[in-house]
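Build the full structure now, drawing on both the sequences and the hints.
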Amino acid sequence: MSQVPRPRSFQLHPDDSPWEPADYNILWEDGREYGRFRRVLRRDAHGLTVIARFVAPPGKAWKIMGRAPELGEEVYIMKGAYYDTRGRVVAREGSFMYNAPGALHGGISTDMTLYLHWCSGKPDEIVSVDLIDFEVAPGA
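Following UniProt numbering, the numbering of the sequence shown begins with 1 at its first residue and continues without gaps.
Bear in mind the hints are in silico, worked out from the structure with no lab data behind them. Some hints here could point you the wrong way.
[Said to hold, decoys possible] Derived pair list, reagent style DSBU-like, types lysine-lysine, alpha-carbon separation capped at 35 Å:
no., residue 1, residue 2
1, K122, K60
2, K122, K79
3, K79, K60
4, K63, K79
5, K122, K63
[Said to hold, decoys possible] Have a look at the derived ranges for each label pair, beta carbon to beta carbon:
no., residue 1, residue 2, range
6, P138, G102, 26 to 32 Å
7, Y24, H46, 23 to 29 Å
8, R92, P18, 24 to 30 Å
9, E74, A22, 19 to 25 Å
10, M97, Q3, 36 to 42 Å
11, P138, P18, 36 to 42 Å
From the three backbone atoms N, C-alpha and C, an ideal C-beta is built for every residue, glycine too.
Following this line, the structure appears as structure tokens:
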């Protein structure tokens, strides 16, 4: 009888996995890089787990649309929010979302940190990425 390999426990320390910039990131007039930065926490055949941070220049926001991978994805907003086109919050800090396989999803963000688990081990297919003029609505 063959043995099924058991998952190994491990710990990831702060310096063990670097923050990786997205290929659409931009260098802004203030000398800072803006866009998406991700840190891979775990990668195996059953899933890819990352923390992603989206940062936009002042007065701007990222409007990103993606298509969930074949087994879907789980998203938890650790910091910040998703906004609608009028600058009102549609998903706030502490929100959990599950995007079903193939679901088209996305939102507008200015400064947001997400915990993501791509169930299939593959990230979203990015459909569109736009840097837009944007202001958060008062009281949002």
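Taking the hints in turn, this is what the structure says about them:
no.: 1; hint: K122 x K60; in the structure: holds, 29 Å
no.: 2; hint: K122 x K79; in the structure: holds, 23 Å
no.: 3; hint: K79 x K60; in the structure: holds, 18 Å
no.: 4; hint: K63 x K79; in the structure: holds, 17 Å
no.: 5; hint: K122 x K63; in the structure: holds, 21 Å
no.: 6; hint: P138 x G102: 26 to 32 Å; in the structure: violated, 37 Å
no.: 7; hint: Y24 x H46: 23 to 29 Å; in the structure: holds, 28 Å
no.: 8; hint: R92 x P18: 24 to 30 Å; in the structure: holds, 29 Å
no.: 9; hint: E74 x A22: 19 to 25 Å; in the structure: holds, 20 Å
no.: 10; hint: M97 x Q3: 36 to 42 Å; in the structure: holds, 37 Å
no.: 11; hint: P138 x P18: 36 to 42 Å; in the structure: holds, 38 Å
Going through the hint list in order, the structure does not satisfy hint 6, though it satisfies all others.
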